[in-house]
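Go ahead and model the full structure; you've got the sequences and the hints to work with.
What follows is each chain in one-letter form.
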Amino acid sequence: MSASAAPILSVRNLSKAYPLRAWWGGKASVFRAVHDVSFDIAPGETLGLVGESGSGKSTIGRAVTMLNPPTAGTVAFEGTDLATLPPRAMRRMRGRIQTVFQDPYAALNPRMSVGAYVAEAFRLHRPGMGAGERRAAVEHLFERVGLDPAFLGRFPHQFSGGQRQRICIARAIALRPSFIVADEPIAALDVSIQAQVVNLLQDLQSELGLSYLFISHDLRMVRYLCHRVAVLWRGRIVELAESDKLYEDPRHPYTQRLLSAVPLPDPVAERARLAAADPHLPPDVQPGDLVEVAPGHWVAGRAIA
Amino acid sequence: MSEPLLAEPLLDVRDLRVTFDTEGGTVHAVNGVSYTLREGETLGIVGESGSGKSVHVLAMLGLIPRPPGRIAGGQVLFRGRDLLALPERQLRKVRGGEIGFVFQDPMSSLNPGMTVAQQIVEPLRIHLGLGSRAARARARELLDLVRIPNAAQRLDQYPHEFSGGQRQRVMIAIGLACRPKLLIADEATTALDVTVQAEIIALVQELKRELGMAIIWITHDLGVVAGISDTVQVMYAGRILERGPVDDIFGDPRNAYTLGLLRSLPDLSGGRAGRRRLHQIDGSPPDMRRPLPGDPFAPRNAYATARCRAEMPPLVQAAGAAPGHLVAAWYDLPARLAEEGAR
Numbered sequence: 007m008s009a010s011a012a013p014i015l016s017v018r019n020l021s022k023a024y025p026l027r028a029w030w031g032g033k034a035s036v037f038r039a040v041h042d043v044s045f046d047i048a049p050g051e052t053l054g055l056v057g058e059s060g061s062g063k064s065t066i067g068r069a070v071t072m073l074n075p076p077t078a079g080t081v082a083f084e085g086t087d088l089a090t091l092p093p094r095a096m097r098r099m100r101g102r103i104q105t106v107f108q109d110p111y112a113a114l115n116p117r118m119s120v121g122a123y124v125a126e127a128f129r130l131h132r133p134g135m136g137a138g139e140r141r142a143a144v145e146h147l148f149e150r151v152g153l154d155p156a157f158l159g160r161f162p163h164q165f166s167g168g169q170r171q172r173i174c175i176a177r178a179i180a181l182r183p184s185f186i187v188a189d190e191p192i193a194a195l196d197v198s199i200q201a202q203v204v205n206l207l208q209d210l211q212s213e214l215g216l217s218y219l220f221i222s223h224d225l226r227m228v229r230y231l232c233h234r235v236a237v238l239w240r241g242r243i244v245e246l247a248e249s250d251k252l253y254e255d256p257r258h259p260y261t262q263r264l265l266s267a268v269p270l271p272d273p274v275a276e277r278a279r280l281a282a283a284d285p286h287l288p289p290d291v292q293p294g295d296l297v298e299v300a301p302g303h304w305v306a307g308r309a310i311a
Numbered sequence: 010m011s012e013p014l015l016a017e018p019l020l021d022v023r024d025l026r027v028t029f030d031t032e033g034g035t036v037h038a039v040n041g042v043s044y045t046l047r048e049g050e051t052l053g054i055v056g057e058s059g060s061g062k063s064v065h066v067l068a069m070l071g072l073i074p075r076p077p078g079r080i081a082g083g084q085v086l087f088r089g090r091d092l093l094a095l096p097e098r099q100l101r102k103v104r105g106g107e108i109g110f111v112f113q114d115p116m117s118s119l120n121p122g123m124t125v126a127q128q129i130v131e132p133l134r135i136h137l138g139l140g141s142r143a144a145r146a147r148a149r150e151l152l153d154l155v156r157i158p159n160a161a162q163r164l165d166q167y168p169h170e171f172s173g174g175q176r177q178r179v180m181i182a183i184g185l186a187c188r189p190k191l192l193i194a195d196e197a198t199t200a201l202d203v204t205v206q207a208e209i210i211a212l213v214q215e216l217k218r219e220l221g222m223a224i225i226w227i228t229h230d231l232g233v234v235a236g237i238s239d240t241v242q243v244m245y246a247g248r249i250l251e252r253g254p255v256d257d258i259f260g261d262p263r264n265a266y267t268l269g270l271l272r273s274l275p276d277l278s279g280g281r282a283g284r285r286r287l288h289q290i291d292g293s294p295p296d297m298r299r300p301l302p303g304d305p306f307a308p309r310n311a312y313a314t315a316r317c318r319a320e321m322p323p324l325v326q327a328a329g330a331a332p333g334h335l336v337a338a339w340y341d342l343p344a345r346l347a348e349e350g351a352r
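Chains as they are written, first to last, in our numbering: chain A, 7 to 311; chain B, 10 to 352.
Calculated directly from the structure, the hints in this document are not laboratory data.
For each residue, glycine too, the CB sits at the ideal point set by N, CA and C.
Hints may contain errors.
As the list claims (entries may be wrong) - Cβ pair distances, simulated, as ranges:
hint, chain 1, residue 1, chain 2, residue 2, range
1, A, Glu139, B, Thr199, 28 to 34 Å
2, A, Val274, B, Arg272, 15 to 21 Å
3, B, Pro343, A, His163, 38 to 44 Å
4, B, Pro343, A, Ala275, 18 to 24 Å
Below you can see the structure in the form of structure tokens.
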């Protein structure tokens, strides 16, 4: 599971359980959203997290940023166990770990100008910064994400969905983070706008050396964008590999089922896929420990045929 | 056109126009949409927000709120009758009867306070005049048809007792209840997991073969469209920019917007390191409150000419393309691409 360089993020045995209330004489129990998940992310690397709704993707995203801390396991960022940090140090750390969410409109404050929203990052984390310096920094960020700084005084409703996501990205990179959790960042955008945002994320990665945890249900985009991909099934990682290897040689039955369900944007190939597909194939999977079947290719144990 | 001349089309949409009156001005949602659909044909409609792809079918079915919505013009002939001119009582007989429909969000389309049986039985009694026992038997068959296990027991459950994929199957069961001649699915699988989507699409394909119905499948997913469509129609800013046989649209696109959509998909050939940057369509979706005088895609189109910005091109047969491949473009896309390739 280790990336080659010293990891920027190291997640070990992460679990997140939610207590379930007891109803009318029933027994209280726990729902295990994520169970014993471990992975590393190297500096400058994009790790993709795929799996179906309820598989625990977003739970992991929120746990590694401590927005919703794990119930067990450790999250080490640049070698520091985040759970051991006192609140002040954690606040400082938050500048280096950022999240970009699916719905940019929900993330923005409708009553705050977008310039003030981005500047807020500086006001909270760089109290020594002067107003002029702050404004210059925000203008620079707007240019960096492809927005006209003349729009600083406008409000969120005056922008399109793609522009709003750029605003959220501007704020996310304001404090020079080294790691960003991108939780379905293009899912709410039109197809013609998705490529704009993905290109921007890639440009920022190469310029700023960012690492990403890219959570998405768009399996084609994940293959395109991510260096490595982890497949989640019911809160566990069932397979993790370099992305082309995973897509070309999936070993776990769930991964195989998931990838074979992706429609191909080519009529001849897609009709052939539909004719050959057996959509009623049961997901015959067993939980098990990850085993390295080839260098860097990990598959949950008991499923390997 | 490839349509056989002997049969009149199942659906004939003529110059449909829909507007919405809002505080910010009049939104021109559908701006002169015309097309026909044959019996048994599957039409895939692709487009983005503001393309008019969803609004135009809602307008056809009499499902847009009026006001603020307004049918500003046109006809929708279904088996020869103009749906837009039908009184609501008669339209209700068509909707859910000869025309079934499935929309994106099954939780908001199903009534949470009624059992699944009640919701399937209702259209059967209204449209087919079945008695309660016959309707219930048919409802059970329908749940079997959409592959809900233990259909007999599950009939009396409520929507919340079904998973997301199963609720969408229930919606499809309701859409198919009266053996429609036409099924309209608007982003019917978009909110579902990819494996569930695969099951629903396989099911609809099977049912299409069994029932011989025509389908209008509205989506933004070019992969889904590629597999199930006979004909593909690309919409933008309330207009059809291109339409034609599926293989021809994917293999020989003539409108720059279609080309842009196809090119914006990640190219997965070769290793990761050698992959090219994603082709992006610059700019933003159109502002439907301020329709442009010319081609609505012109501001985002590198191939646009002065004429594109001044005058809307008509939707006509594309020169040298397959019969029935229609395009609205003043520029000659293949020629422009050849020039680029030569340079």
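Checklist entry - For this structure, which hints from the list above don't hold up? => result Violated hint (a single one): 1; every other hint is consistent with the structure.
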